[in-house]
Amino acid sequence: MSETTAEGGHGAVPTGPEIPSGAEPTRANTRRDWPLYEVFVRGKRGLNHVHVGSLHAPDDEMAVHAARDVFTRRNEGVSIWVVQAKDITASSPDEKDPMFAPAGDKVYRHPTFYEIPENVPHM
Amino acid sequence: MSAPTVARPTEDELQAHFDATIAADRRVEPRDWMPEAYRKGLVRQIAQHAHSEIIGMQPEGDWLLAAPSLRRKAVLLAKVQDEAGHGMYLYSAAETLGADRADVTDKLIEGRQKYSSIFNYPTLTYADCGVIGWLVDGAAICNQVPLCRSSYGPYARAMIRVCKEESFHQRQGYELLMTMMRGTPEQRAMVQDAVDRWWWPSLMMFGPPDDDSPNSAQSMAWGVKRHSNDELRQRYVDMSVPQAEALGVTLPDPELALDPETGRYRFGQIDWTEFKQVISGNGPCNAERITRRRAARDDNAWVTEAATAYADKHSA
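Which chain is which? The protein sequence lines are A and B, in order. Residue numbering for the first sequence follows this note's numbering, beginning at 101 and increasing consecutively. Residue numbering for the second sequence follows this note's numbering, beginning at 13 and increasing consecutively.
Rather than coming from a laboratory, the hints here were simulated on the basis of the structure. Keep in mind that this is a model prediction, so the values were computed, not measured. Incorrect hints may have been included.
The list that follows gives simulated cross-link-like pairs (lysine-lysine, DSS-like), each with its CA atoms no further than 25 Å apart [unchecked claim]: (1) LYS176(B) to LYS144(A); (2) LYS186(A) to LYS52(B); (3) LYS176(B) to LYS85(B); (4) LYS288(B) to LYS52(B); (5) LYS186(A) to LYS325(B).
Using the sequences provided together with the hints, build the complete structure.
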C-alpha cells in the first residue's frame with residue numbers, strides 16, 4: 101500500500117510517489133491560456149480593498165463575475181478589483197528584503213522615540 | 013560608478029533563514045526560498061485537498077434534483093457551490109507554489125493524484141446528505157481547523173475561508189437529520205441506516221494510525237500539519253458521541269465507551285483493509301467519480317474555448 105495521510109483536510113489520501121504517466125493528455129490546452137487575475141475586495145465602506153486570492157478568467161469582465169462567485173458569496177464585499185497577475189510589480193523575490201532595511205534604524209520616525217513629561221496633556 | 017556587489021546567499025544561509033521562519037512560527041510566503049521537498053509536498057497536499065473538494069460535489073450533487081423541498085434544494089445548492097469555491101481557493105493556493113491548475117486537474121483525471129477516500133461511497137438516500145454534513149464535514153472541520161495555522165501562508169488563509177463555510181455545512185446537515193428524526197419511523201430508520209454506513213468511513217478520513225504514517229513527522233516539523241492522525245481522530249470521536257446522543261441515533265460500534273480515567277471515548281478497531289481497498293481505487297464509486305470529472309472537463313471544453321475566442325476578438 102502507498103503511504104497515506106490526512107493532511108489534506110478532507111481526509112486520507114495516498115502520499116506515495118505520483119504514478120508516472122505514459123502519454124501527455126491530448127486535449128486542447130485552452131484553459132491554460134486564461135490569464136491569472138489577482139482579486140481585491142473592499143469588505144465594507146470605509147475599508148481598503150484587500151487581496152483575497154486569485155482566479156483564471158478569459159477577460160477582465162469575466163474575472164469580476166467569477167470573483168463575485170468565488171470570494172463574495174456571503175456579503176464579504178461591496179467592491180471588487182481584479183488585475184492580471186502579470187501586471188503587478190513587486191518589491192523583490194523574497195519577503196525579507198534589503199529594500200526595507202533603511203527603515204530599520206530610523207526609530208526617530210516613531211512618536212514613542214520622544215520623551216514628553218507626564219504632566220503635559222493631550223500628547 | 014560600479015554597482016555595489018551584494019553577496020548572493022548560499023544554500024545554507026537560505027535554509028537557515030527558512031528554518032528560522034518555521035522555528036519562530038512565522039508564515040512562509042510564496043516568493044520566499046523554501047526547500048524543494050517542502051514545496052513539492054505542499055503542492056501535492058494542496059492539490060489533493062482541492063481535488064477532494066471538487067470530487068466532493070458529486071455525492072451530494074446527485075440529490076440536487078431530488079431534494080424534498082425548495083428550502084432543502086436551496087440549501088444543498090449553496091453547499092455544493094461552496095465545495096466548488098473551496099476547490100478554487102485551494103487551486104489558487106497551489107498555483108502560488110508554481111503548480112498549474114489545468115495540469116493538476118489532468119493528473120487527477122489520469123489517476124496520478126488522489127482525493128479523499130470518503131467520496132468513493134454512494135449517497136443512497138436523502139439522509140446521506142444530512143449525515144455527510146454532520147459527520148463528513150465534521151471530520152473535515154477537525155482536520156482543517158489546525159490547518160488555519162499551517163506554516164504556508166496562502167494555504168492557511170484559504171483554510172480560514174473554508175472553515176468559516178464548513179460550519180454552515182455541518183449545521184445544515186445536523187438540522188436536516190433532526191427534522192427527519194422528528195418524522196416517521198421510516199425516516200428515523202433512514203437516518204440510522206445512513207449513520208451506520210458513514211460512521212466508519214468518516215473515522216478513516218483521519219488517515220492511518222500514527223505508527224503507520226511515515227510522512228507525518230516531517231510534515232509536523234515543517235508546521236504544515238499540527239496534530240497527529242490519531243489525536244485528531246480521537247478529538248472527532250469525543251465530539252461526535254454527544255451529538256449522536258442528542259440526535260437519538262446509535263453509532264455502529266459496540267466497543268464505543270467512555271474511559272472514566274481520561275474522559276475520552278474508546279472505540280473499536282477500524283477496518284484498514286477496506287480503507288486500503290478504497291484508497292487504491294476499489295471503492296464503490298471510484299470509477300464513477302473520475303468518469304464524471306473527465307466528462308466535465310472534456311464536454312465543457314467548448315465553453316472555455318468560446319470564452320477565449322470572445323476575449324481574443326474583443327481585445328484585438
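For LYS186(A) and LYS52(B), compute the direct alpha-carbon distance and say whether it is at most 25 Å. Answer holds: LYS186(A) to LYS52(B) is near 24 Å, not above 25 Å.
Taking 25 Å as the top limit, are the C-alpha atoms of LYS176(B) and LYS144(A) close enough? Between LYS176(B) and LYS144(A) the Cα gap is close to 18 Å, so the pair holds against 25 Å.
Verify the proposed pairing of LYS186(A) with LYS325(B), using a straight-line Cα cut of 25 Å. 21 Å, holds
Hey, LYS288(B) versus LYS52(B), does the alpha-carbon distance stay inside 25 Å? Holds, at about 24 Å.
Taking 25 Å as the top limit, are the C-alpha atoms of LYS176(B) and LYS85(B) close enough? 21 Å, holds
Taken one by one, the earlier hints all hold for this structure without exception.
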